[in-house]
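Start from the sequences, fold in the hints, and give me the full structure.
So the protein sequences, as listed, match chains A and U.
As numbered in the numbering used here, residues 1 to 430 make up the first sequence, in order.
As numbered in the numbering used here, residues 431 to 943 make up the second sequence, in order.
Be a bit skeptical, because a hint or two may be false.
As the list claims (entries may be wrong) - When the alpha-carbon atoms are kept at most 27 angstroms apart in a straight line, the in silico DSS-like pairs for lysine-lysine are as follows:
(1) U:Lys-559 <-> U:Lys-707
(2) A:Lys-26 <-> A:Lys-269
(3) U:Lys-590 <-> U:Lys-710
(4) U:Lys-590 <-> A:Lys-13
(5) A:Lys-13 <-> U:Lys-581
(6) A:Lys-26 <-> U:Lys-590
(7) A:Lys-265 <-> A:Lys-403
(8) U:Lys-707 <-> U:Lys-581
(9) U:Lys-680 <-> U:Lys-559
(10) U:Lys-581 <-> A:Lys-26
(11) U:Lys-830 <-> A:Lys-79
(12) A:Lys-79 <-> U:Lys-828
(13) U:Lys-868 <-> U:Lys-929
(14) U:Lys-681 <-> U:Lys-581
(15) U:Lys-707 <-> U:Lys-868
(16) U:Lys-681 <-> U:Lys-590
(17) A:Lys-403 <-> A:Lys-269
(18) A:Lys-13 <-> A:Lys-26
Said to hold, decoys possible - Okay, the calculated beta carbon distance ranges per label pair:
(19) U:Gly-802 <-> A:Leu-8: 51 to 57 angstroms
(20) A:Val-82 <-> U:Val-930: 37 to 43 angstroms
(21) A:Asn-232 <-> U:Glu-536: 52 to 58 angstroms
(22) U:His-586 <-> A:Leu-8: 24 to 30 angstroms
(23) U:Gly-802 <-> A:Asn-9: 39 to 45 angstroms
(24) A:Asp-117 <-> U:Asp-736: 47 to 53 angstroms
(25) U:Ser-562 <-> A:Asn-9: 31 to 37 angstroms
Source of the hints: derived by calculation from the structure; they are not laboratory data.
Just so you know, even glycine gets a beta-carbon here, dropped at the ideal spot from N, CA and C.
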Amino acid sequence: MNIIDRRLNPKGKSLANRQRFLRRAKKQILDAVREASARDGITGPSDHRIRIKTDTLREPRLHQAGQGGERWHIAPGNKEYVEGDRIPRPPQGEGGGRGGSPDGDSEDAFQFVLSRDEFIDLFLEDLELPDLLRKDLRETEGATPRRAGFQTSGAAANLNLVRTMRNSLSRRIALRRPRPEEIAAREEELARLSKTGEADPETLARLAAEIEIERRRSRRVPFIDPIDVRYNRFEDVPRPAVSAVMFCLMDVSGSMTAHMKDLAKRFYKLLYLFLSRRYARVEIVFIRHTHVAREVDEETFFSSTESGGTVVSTALEEMVRVLRARYPLEQWNIYAAQASDGDNMPADNPHAVALLEQAILPACQYFAYLEVGPEDERYGGSTELWRAYQRIAQAGQAIAMRKVNHRSQIYPVFRQLFSRDKAVRTEGVA
Amino acid sequence: MTKLAEKFRISSGSDWGFSDLRRAHDLIAEIAQRELGLDTYPSQIEVITSEQMLDAYSSIGLPLMYRHWSFGKRFARDESLYRHGYSSLAYEIVINSNPCIVYVMEENSMAMQALVLAHAAFGHNHFFKNNSLFRQWTDAGGILDYMEFAKTYIAHCEDKYGETAVERVLDAAHALMTQGVSRYPRRRGFDLADEARREAERREEEARTFNDLWRTLPEGKASRALHPELVERQRLLGLPEENILYFLEKKAPLLKPWQREILRIVRHIAQYFYPQKQTKMMNEGCATFVHYHIMNRLHEQGVLDDGGMLEFLHSHTSVVFQPDFDDPRFSGLNPYALGFAMMQDIARITRAPTEEDRLWFPDIAGNGDPYGTLREAWVAYRDESFIRQFLSPALIRKMKLFSVHDDSRSDLVVEAIHDERGYRAVRAALADSFDVIKHEPEIEIVDVDLDGDRRLLLQNRVHHGIMLEREDAERVLDHLAFLWGYEVSLVEIDAVSEKVLRSFDAGPPAPVG
Numbered sequence: 001m002n003i004i005d006r007r008l009n010p011k012g013k014s015l016a017n018r019q020r021f022l023r024r025a026k027k028q029i030l031d032a033v034r035e036a037s038a039r040d041g042i043t044g045p046s047d048h049r050i051r052i053k054t055d056t057l058r059e060p061r062l063h064q065a066g067q068g069g070e071r072w073h074i075a076p077g078n079k080e081y082v083e084g085d086r087i088p089r090p091p092q093g094e095g096g097g098r099g100g101s102p103d104g105d106s107e108d109a110f111q112f113v114l115s116r117d118e119f120i121d122l123f124l125e126d127l128e129l130p131d132l133l134r135k136d137l138r139e140t141e142g143a144t145p146r147r148a149g150f151q152t153s154g155a156a157a158n159l160n161l162v163r164t165m166r167n168s169l170s171r172r173i174a175l176r177r178p179r180p181e182e183i184a185a186r187e188e189e190l191a192r193l194s195k196t197g198e199a200d201p202e203t204l205a206r207l208a209a210e211i212e213i214e215r216r217r218s219r220r221v222p223f224i225d226p227i228d229v230r231y232n233r234f235e236d237v238p239r240p241a242v243s244a245v246m247f248c249l250m251d252v253s254g255s256m257t258a259h260m261k262d263l264a265k266r267f268y269k270l271l272y273l274f275l276s277r278r279y280a281r282v283e284i285v286f287i288r289h290t291h292v293a294r295e296v297d298e299e300t301f302f303s304s305t306e307s308g309g310t311v312v313s314t315a316l317e318e319m320v321r322v323l324r325a326r327y328p329l330e331q332w333n334i335y336a337a338q339a340s341d342g343d344n345m346p347a348d349n350p351h352a353v354a355l356l357e358q359a360i361l362p363a364c365q366y367f368a369y370l371e372v373g374p375e376d377e378r379y380g381g382s383t384e385l386w387r388a389y390q391r392i393a394q395a396g397q398a399i400a401m402r403k404v405n406h407r408s409q410i411y412p413v414f415r416q417l418f419s420r421d422k423a424v425r426t427e428g429v430a
Numbered sequence: 431m432t433k434l435a436e437k438f439r440i441s442s443g444s445d446w447g448f449s450d451l452r453r454a455h456d457l458i459a460e461i462a463q464r465e466l467g468l469d470t471y472p473s474q475i476e477v478i479t480s481e482q483m484l485d486a487y488s489s490i491g492l493p494l495m496y497r498h499w500s501f502g503k504r505f506a507r508d509e510s511l512y513r514h515g516y517s518s519l520a521y522e523i524v525i526n527s528n529p530c531i532v533y534v535m536e537e538n539s540m541a542m543q544a545l546v547l548a549h550a551a552f553g554h555n556h557f558f559k560n561n562s563l564f565r566q567w568t569d570a571g572g573i574l575d576y577m578e579f580a581k582t583y584i585a586h587c588e589d590k591y592g593e594t595a596v597e598r599v600l601d602a603a604h605a606l607m608t609q610g611v612s613r614y615p616r617r618r619g620f621d622l623a624d625e626a627r628r629e630a631e632r633r634e635e636e637a638r639t640f641n642d643l644w645r646t647l648p649e650g651k652a653s654r655a656l657h658p659e660l661v662e663r664q665r666l667l668g669l670p671e672e673n674i675l676y677f678l679e680k681k682a683p684l685l686k687p688w689q690r691e692i693l694r695i696v697r698h699i700a701q702y703f704y705p706q707k708q709t710k711m712m713n714e715g716c717a718t719f720v721h722y723h724i725m726n727r728l729h730e731q732g733v734l735d736d737g738g739m740l741e742f743l744h745s746h747t748s749v750v751f752q753p754d755f756d757d758p759r760f761s762g763l764n765p766y767a768l769g770f771a772m773m774q775d776i777a778r779i780t781r782a783p784t785e786e787d788r789l790w791f792p793d794i795a796g797n798g799d800p801y802g803t804l805r806e807a808w809v810a811y812r813d814e815s816f817i818r819q820f821l822s823p824a825l826i827r828k829m830k831l832f833s834v835h836d837d838s839r840s841d842l843v844v845e846a847i848h849d850e851r852g853y854r855a856v857r858a859a860l861a862d863s864f865d866v867i868k869h870e871p872e873i874e875i876v877d878v879d880l881d882g883d884r885r886l887l888l889q890n891r892v893h894h895g896i897m898l899e900r901e902d903a904e905r906v907l908d909h910l911a912f913l914w915g916y917e918v919s920l921v922e923i924d925a926v927s928e929k930v931l932r933s934f935d936a937g938p939p940a941p942v943g
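Listed below in structure tokens is the structure:
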């Protein structure tokens with residue numbers, strides 16, 4: 001009998017099967033994932049319970065139908081029946097308690113949990129961050145130990161046997177430690193000589209003395225000396241973290257309805273998920289503006305409305321201020337998304353454009369402008385702000401812009417903006 | 431008692447080490463071999479975590495398995511059920527291999543580990559090694575190596591031909607897995623020497639029994655002569671064939687060699703598990719009987735303390751619990767309960783038979799050798815024949831079994847109950863309900879239209895009007911058409927009247943592009 005401890009075996013033996021399963025159920029999982037994403041807050045829960053139909057996951061077999069035909073059932077625990085009794089047919093044609101599908105595989109939907117990584121991967125599949133740069137190598141997210149030579153002290157588990165034995169061997173050779181076989185051979189010879197009486201007593205005494213010396217030497221020179229012992233040395237190599245900051249700019253003046261804010265929120269959420277997949281650290285800065293701009297927390301950002309006019313450049317100025325104060329360009333990847341209904345004080349447009357062109361766009365990896373409109377908008381004429389930004393885009397600057405009226409458009413628009421295909425990414429701007 | 435047992439105690443505590451496992455195993459082995467006379471493969475106990483137990487679940491209980499999404503699905507479902515507390519995990523999984531692998535969970539208490547060892551490492555192990563079905567159809571020594579080969583081979587195919595292409599073949603093969611089993615030993619082809627010997631024998635037989643009178647008999651109309659070309663074609667193709675995967679592997683015209691190999695792998699696995707399907711009740715009954723005896727003996731010896739014994743009894747009684755048919759917990763007969771009850775009953779008949787037992791079981795009643803009798807039964811029977819042979823009137827009365835006839839139209843009729851007139855009918859009906867063949871459709875490949883469009887023709891012989899499940903049948907037929915490469919038809923005919931009841935058709939998927 002053998003007892004084997006398998007507990008330390010690598011976990012996740014079924015990971016490959018899980019990946020195949022997720023791929024198989026991808027379409028349904030994606031639908032479920034989108035539905036789940038509409039419910040959750042901007043940073044989302046840590047895992048996602050997904051419920052999917054098992055239709056494409058069905059494993060058909062040729063088996064007998066559960067209904068019809070002539071059957072016999074055997075059941076235990078008879079109390080009152082005698083031969084020939086008639087029992088009214090129970091509903092659904094089940095007799096004697098039997099029924100259902102033979103393999104118990106009849107449920108048509110089942111629930112399982114997607115890890116956050118799996119969720120995001122599925123959600124953002126095929127998307128790519130433009131101009132991903134590695135900045136800020138000083139920030140670390142931990143360290144990986146790496147082999148780096150040997151050392152003379154350490155834990156027993158790190159003992160380097162080969163190196164230790166090599167040292168031991170060279171020391172034994174250098175100090176001429178006699179090998180046990182040699183001593184044994186000499187002793188044998190001594191025994192043979194003294195038995196046969198071939199040699200004179202002098203030779204025998206010399207031989208015995210030599211053996212004694214060799215024995216002493218092999219005792220004095222140990223097989224392994226503490227100075228031979230070597231341990232593997234490890235060095236902690238810091239893992240650099242790449243970090244990004246995401247600016248959310250939003251117009252909160254009276255003209256922005258709850259519907260429009262909801263659209264913007266959804267977009268920001270996608271952007272956050274996307275960034276957090278690519279960057280180890282993602283910070284979010286919320287800036288809301290009317291005719292004045294203010295940095296706020298998430299709660300305030302989405303909830304309350306303020307009255308006042310609309311001056312877009314104030315938000316841009318605030319962003320520049322925060323950028324300069326907290327996010328040095330060489331350490332941070334900077335992303336910005338602005339949502340607005342397109343209203344702006346006409347006189348402000350040139351100032352906003354100038355700010356964008358000179359201060360913001362050069363610093364940003366990506367700047368997305370999302371123009372949100374009412375759900376029932378029939379005719380979407382372009383607004384002043386749109387036209388102003390469009391000129392920047394046509395000049396070849398890294399600004400992406402889209403117009404969104406309905407919740408269902410958010411995801412496609414987001415996918416367009418971050419599509420791997422550059423042609424898709426830039427369409428709609430011209 | 432031996433010195434070992436004096437020092438060593440099995441209790442309900444969860445504090446145990448590997449040396450405790452080994453001592454418990456040795457004590458159990460002593461009882462199993464000396465008292466029960468069990469003959470087992472050497473066992474290999476593997477201690478695993480609950481997560482690894484879930485892993486083992488999903489790969490249908492084999493320690494090595496190729497990759498397929500269906501195992502991922504099973505894992506996702508089991509995990510979800512387990513995490514939300516809807517189901518608990520088994521205490522053990524045992525694999526029909528040599529050495530016999532037994533997985534035990536680290537969370538089990540020492541008493542439970544002893545139970546698991548007695549149940550799996552001796553009960554199941556003995557059954558695997560000795561039952562004739564397992565001996566004839568499975569190769570316990572080779573299964574792990576074969577699965578290693580299968581896993582590597584399929585992974586290699588995935589690298590070479592793409593995951594999607596391999597998945598397509600596996601999906602189709604899995605759909606036909608229940609039809610990938612040979613129920614009877616295949617007739618081997620003759621070699622030339624053999625053929626010549628048979629020919630000589632035949633001639634000698636003819637010469638010996640020659641009678642000129644035969645010549646004068648009028649020749650009957652040979653029914654076969656009606657379709658000579660059908661007979662010839664069937665002979666050439668080895669039809670009719672019940673093992674669809676085997677037929678496809680050997681005869682499907684368009685499959686690539688690697689696709690045939692995958693069909694072969696799936697077919698081998700199906701065949702490996704087929705005996706387990708047919709002996710579920712006996713196998714569990716045997717293991718339960720063995721653990722019950724061993725645990726009681728350990729308690730008598732004072733090795734298993736009272737707390738451990740109570741824990742064992744709690745677990746044992748919930749395993750062999752059989753709710754009545756009108757109990758909300760009822761979901762069919764519990765194979766553990768029935769198997770255990772039958773084996774206890776056989777032991778009783780050999781030791782203290784009643785007059786009735788002597789009448790019904792003259793061979794074994796009062797022979798005074800319960801374990802020998804059971805060992806013989808464990809070798810020679812499967813569920814269906816075991817019930818037909820050994821279900822006693824006493825047990826039918828004890829369980830109050832009754833048989834109900836359901837014609838799917840009018841009221842259900844109680845056909846037999848636990849009385850003098852009903853015993854045989856109840857026993858026969860119960861045996862039938864454990865007969866795997868009666869609960870699987872009887873499907874055979876009967877013909878291929880070689881002159882026309884190479885349509886593959888299958889036949890399902892319908893007994894008692896129980897047809898195929900329509901939706902699944904359609905899907906499986908699509909898979910079959912994919913493997914065959916041409917159109918396929920499945921005709922359901924009534925086994926008695928030969929009347930065609932329903933037919934399905936499917937064509938191969940249109941080539942892409």
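Give me the numbers of the hints this structure contradicts, sorted from smallest to largest. Of the numbered hints given earlier, those the structure breaks are 3, 9, 19, 21, listed in rising order.
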